[in-house]
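Undergrad: The residues making up each chain are set out below.
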Amino acid sequence: MRNRFYLMTLFISGVILCAFTLFTAYREMQPEWKDYQNDYKELLIKDTRDEAAKKKARALEVAIQQVYLSKLKRIDRCTSCHIGVENPLAANAKEPFRQHSGEYLKNHELNKFGCTVCHYGQGRAMNKKEAHGIGHDTHWDYPIIPMKYIQSTCAQCHNLEMLKLKGVDRVVKGEKLFGENGCRGCHKLQGIGGDLGKALDIVGSQPIAYFPMGNVIGERTVYSWFKQHFDDPRALVPESEMKVHVTEAEADLLTTYILSLRSEEMPREYRRFKDTAGTERTMEDGEALYKKYCIACHAKGKDSLYDELFNRTVPAIMNPAFLKVADDGYLKKVVGEGRDGTQMTAWKAAAAGLSEQEINKIVEYLTSERPKVRVEPFAMASAKGDLKNGEGLYRVRCALCHGETGKGALGLNLRNPVVQGADANFLAITVRDGREGTPMPPFGKKGVGLKDQEIVDVVSYVKTLSKKK
Amino acid sequence: MNEISRQGIDKFIDNAKNIIDTFTGSFLRSGKPTSDRSRAAVMFNNFFLHVQGVKTHMNTLRPSYTLGMGLAAFFLFVIACVSGVLLMIYYNPSIENAYNTVKDLTYVVFAGKLARNIHKWAGEAMIIFVFLHMARVFYTGSYKSGREFNWVIGIVLLAVTFVVNLSGYILPWDQLSYWALVITSNIMQSPKELTDSLGITQYFDIGGFQKELFLGGLTPGKESLTRVYLFHIMLLPLVLLIFIAVHFWRIRKDGGLTKPEAFQPQESDAQLFSTPDKKGGIFTTNKTYGLMELAGGRTPAVDKDVENTVLSWPNLLLAEAAVLFVCLAAVVVYSFFIDAPLKELANPLIPENPAKAPWYFLGLQELLSYSAFMGGVGLPTLALLGLALIPYLDREQDNVGIWFSSKMGKSVALQSFFTGIVVLIGLLAAAIRFGWLRNWLPNIPQLIITIVNPGSIWVAFVIGWSLFVIKKTGSTRMGAIALFTMFLMSYIVLTYVGTELRGPNWGFYWSRSQWPSH
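So the sequence lines, in the order shown, correspond to chains A and B.
First residue of the first sequence? That's 1 in the working numbering, and the numbers climb one at a time after it.
First residue of the second sequence? That's 1 in the working numbering, and the numbers climb one at a time after it.
Hints may contain errors.
[Stated by the list, open to error] Residues on chain A that point at chain B, a partial pick, calculated with CB under 8 angstroms: (1) 3; (2) 6; (3) 7; (4) 10; (5) 13; (6) 16; (7) 17; (8) 20; (9) 23; (10) 24; (11) 125; (12) 126; (13) 129; (14) 355; (15) 356.
[Said to hold, decoys possible] The following label-pair restraints were derived from C-beta to C-beta distances: (16) B:3 / A:23: 36 to 44 angstroms; (17) A:246 / B:496: 24 to 32 angstroms; (18) B:339 / A:62: 23 to 31 angstroms; (19) A:247 / B:230: 57 to 65 angstroms; (20) A:267 / B:496: 31 to 39 angstroms; (21) A:62 / B:253: 55 to 63 angstroms; (22) B:496 / A:62: 43 to 51 angstroms; (23) A:64 / B:64: 34 to 42 angstroms; (24) A:272 / B:333: 28 to 36 angstroms; (25) A:21 / B:511: 32 to 40 angstroms; (26) A:23 / B:492: 31 to 39 angstroms; (27) B:496 / A:21: 29 to 37 angstroms; (28) A:62 / B:381: 55 to 63 angstroms; (29) A:466 / B:426: 51 to 59 angstroms.
Hint data in this document are derived by calculation from the structure and do not stem from the laboratory.
As the structure is a prediction and not an experimental result, all values here were calculated from the model.
Cβ coordinates follow ideal geometry from the N, Cα and C atoms, glycine included.
Looking at chain A on its own, in the form it has when it is part of the complex (with noise of 0.2 angstroms):
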């Protein structure tokens, strides 16, 4: 034949075209949502018995059901699979036809509230696996919320106070394990914190890219992240330095209330407070700041502890014999400032957030089991140090622990400005006593057996070591 060749390349592909564009036909008209909307009224029109009711459910058009929301951004059609979700009917049905459960939908009317504002997920996409956003390839920032998490979308419009009142009470259990673990020694929120660790005001609303998910077990979403991170900080991220014990449950309830700090804020109609008796920050007591911002690294502060993840000595700041040779002013002022070169915090209201009040209060409670015997005082004001005699001395009895030039190992760098600014009566005094419940040995009288003076010529040494180099 002639033209076969043509003939035949334009006959076969013709009908290739014509397939496939007739299985894209059958592929649209055949959506995952028309089943469900097909079964939902097979259900409705079997389960009612009154003819009225019947002729109702027949009449149900299968349409895409969609809530356009254009205050809040968005457009909503879960409803075209969750189709019952208004309908008392459907209160037992299976999933997705079933009612939602509770009186939610009473006081959030489904068409001013639409579903992903609480739910989250990918309001738009038609079919469940997009919808509800699980899964890298579905590339949504904002899978939908499990269960035990989803109080945590409440905080959006309502504050901490109503949702008490209401019950909905696992936010406000997730913020008071948060004050009590002393969080925020490392996390600054709304300006108050340490900076060890990240500012969390936004961190429940970050999209997935900004977490490490490499090592998440099982779903990899942000929610899993969160969980799996306060179950154990370096399973997901080796070189965390966080400290956190906390059981299953409370991990789950600081998951809900760390997810409820979120950046976007809702509009004005749609938020309800609870009025509270003053916006003002309640002065907390010393115990409970102490818990807020200290308790992480110090823990009960009686014994020093050895901490691995720092590479140092985290001091007893609570430890009798401590607090015997630590006055207020010095214990204040290590607060404000905190330790230059270690882990501890700057407080002051200009680092971290704290204002003088409420490190009073810290103090206070840090020195309420100070002994009522003081230690000797040491003159060290009146007396005269013999700086060659003090360097002497340092080699023989300081360098093994301090090092030659005072730059510590075993023992605490000398060079620190803490050290360097410190009390010479209060380093005269740890030097005569020692440090109970570290490896310091008193120098005086009850131990080595230095005389006073000798004493005082160490520490006027030890503070021209910041000047050497």
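Please arrange chain B on chain A, whose structure you already have, making use of the hints.
TA: Coordinates of chain B only, in the frame set by chain A:
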């Protein structure tokens, strides 16, 4: 019923019976194509068809000669235009709505996802077919004998095809779009590397100017999207259309496609077209153009090889329809199974790492990683200029229309391919393994790296090798074959390296699975 009214009714019934024939006839302007005369008339009486000859050379109709690739590129362009218009019905070029309208297209518009896939894949296939078409034209020596400038127009079409694809890539406003926009604006800015190292940026900041012109500001934003949209749906398609029209018109003026001097009909040809009726018919064995015959010269091709031509209707049109349908079917099937990507909404705070341009630019991005100026401006300009100048530097006029010109051409192509691939991969491997000048001499002036980097060394090698081939064979055509082969090969190799072997921070990884998962 009287006689008159019966006659009237009969006439009406007759007209109704013949309505198909008369309609076709009026549509084609010269009646049903039943004779050679009317078949010829179909072609020259039709607005769209008369750009083609009444008769077509048999060689043109052999699929082994053209492989239909230029035509495929054109049809893909048409497919992209039609599907693009469908997308425009819903798409809204604002940074608030662009992403959402694309989402709606994929989720709720009937067959919207298919339309988007077709648009995307037809556009990207265009790049491949423009390249393949260029290779066919090159290797059959079809840029010669009066077609030199048409080759230059082809290079322009290649460049515009790239740009129109890139501009489309930016419109969905997802992460891919945003970071491609950022990379492109950086490429626009890359002359800054040169002006900086010459110390003249403050007087003559061409890079900064280009970037600002492209973005409509200093950073990507809503003006950039408006601008890119304008380019994508209006300016660039218009430019393409005009140049395609000129491209086609010149083919016609040059006497159709090239063909070998010594053409022999073969028996297998009978499957491809209706061989000419030797007896009778309206055509003499002379092809005449009236007065133009007297003008002489090469164009139009008068009186040459007339016995080896066949009527374009139906032979040529059938072949063209076949190519169109193959394109349509292939694009629809591919689009049915493979979805165009759409990632998260554009987020300036989350850089994709690695931030990659679309695949067809990854070869350039690889060169860019050695030197911004060379990769972004210097070498691409040099490559396009070199390609455009090929017909003027190689002016040998023999063996036109024969694949690789001769046996020697074939072996030069093979030798160049294998030599090139060894040298290029060696060069890249050395740069990846041992680093480049900056790693050894940290204080080296940037100007030296701009001039001496793997990309420029490779181009220098290609030029040197081509000159060597010219010297050895005494033929500029052989040199051109060497040059072009190495160009094609390096485009493929560099694109592969950029696409598959480069990971976060443009580091080297054997596969995507080795990327650190942070």
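Undergrad: Run every hint past the structure and note whether it holds.
TA: Hints versus structure:
1. Using the Cβ-Cβ criterion of 8 angstroms, the hint placing residue 3 of chain A at the interface with chain B is satisfied: the shortest such distance is roughly 6 angstroms.
2. Given the 8 angstroms rule on beta carbons, the hint for residue 6 of chain A holds: about 4 angstroms separates it from the nearest Cβ of chain B.
3. Given the 8 angstroms rule on beta carbons, the hint for residue 7 of chain A holds: about 7 angstroms separates it from the nearest Cβ of chain B.
4. For residue 10 of chain A, the suggested interface contact is upheld, since its CB lies about 4 angstroms from the closest CB of chain B, less than 8 angstroms.
5. Here the hint on residue 13 of chain A is kept, as its CB sits about 4 angstroms from the closest CB of chain B, short of 8 angstroms.
6. Because the beta carbon of residue 16 of chain A sits about 4 angstroms from the nearest beta carbon in chain B, less than 8 angstroms, this interface hint is met.
7. Hint status for residue 17 of chain A: holds, given a least beta-carbon distance of 4 angstroms to chain B, under 8 angstroms.
8. Against a cut-off of 8 angstroms between C-beta atoms, the interface hint on residue 20 of chain A holds, since the closest Cβ of chain B lies about 5 angstroms away.
9. Taken as an interface hint, residue 23 of chain A checks out: its beta carbon lies about 6 angstroms from the nearest beta carbon of chain B, inside 8 angstroms.
10. A distance limit of 8 angstroms between C-beta atoms decides the matter here; for residue 24 of chain A the minimum to chain B is near 5 angstroms, and the interface restraint holds.
11. At a threshold of 8 angstroms, the smallest CB-CB gap from residue 125 of chain A to chain B is about 6 angstroms, leaving the interface hint in force.
12. Hint on residue 126 of chain A holds. Least Cβ distance to chain B is approximately 4 angstroms, under the 8 angstroms limit.
13. Proximity of residue 129 of chain A to chain B is violated relative to the hint, the smallest CB-CB distance being about 12 angstroms (cut-off 8 angstroms).
14. For residue 355 of chain A, the interface hint is violated, the least distance from its beta-carbon to any beta-carbon of chain B being 33 angstroms, above 8 angstroms.
15. Nearest Cβ of chain B to the Cβ of residue 356 of chain A: about 36 angstroms, over the 8 angstroms cut. The hint is violated.
16. One distance hint, 36 to 44 angstroms for the beta-carbon pair residue 3 of chain B and residue 23 of chain A, is violated here, with the actual separation near 59 angstroms.
17. Range check, residue 246 of chain A to residue 496 of chain B: Cβ separation about 49 angstroms, and the 24 to 32 angstroms hint is violated.
18. For residue 339 of chain B paired with residue 62 of chain A, a C-beta distance near 26 angstroms keeps the hint of 23 to 31 angstroms intact.
19. About 59 angstroms separates the C-beta atoms of residue 247 of chain A and residue 230 of chain B, a value consistent with the hinted range of 57 to 65 angstroms.
20. A C-beta distance of roughly 51 angstroms is found between residue 267 of chain A and residue 496 of chain B, which places it outside the suggested range of 31 to 39 angstroms.
21. A C-beta distance of roughly 60 angstroms is found between residue 62 of chain A and residue 253 of chain B, which places it inside the suggested range of 55 to 63 angstroms.
22. For residue 496 of chain B paired with residue 62 of chain A, a C-beta distance near 49 angstroms keeps the hint of 43 to 51 angstroms intact.
23. The hint said 34 to 42 angstroms for the Cβ distance between residue 64 of chain A and residue 64 of chain B, and at roughly 51 angstroms that hint is violated.
24. Residue 272 of chain A and residue 333 of chain B have their C-beta atoms about 54 angstroms apart, which leaves the hinted 28 to 36 angstroms range violated.
25. Against the hinted window of 32 to 40 angstroms, the Cβ-Cβ separation of residue 21 of chain A and residue 511 of chain B comes to about 37 angstroms, which satisfies the hint.
26. Roughly 33 angstroms separates the CB atoms of residue 23 of chain A and residue 492 of chain B, a value that falls within the hinted 31 to 39 angstroms.
27. The hint said 29 to 37 angstroms for the Cβ distance between residue 496 of chain B and residue 21 of chain A, and at roughly 34 angstroms that hint holds.
28. Judged by the Cβ atoms, the range 55 to 63 angstroms given for residue 62 of chain A and residue 381 of chain B holds: they are separated by roughly 58 angstroms.
29. Distance hint check for residue 466 of chain A and residue 426 of chain B: the Cβ-Cβ separation is about 57 angstroms, which falls inside the suggested range of 51 to 59 angstroms.
Hint violations for this structure: numbers 13, 14, 15, 16, 17, 20, 23 and 24, all remaining hints satisfied.
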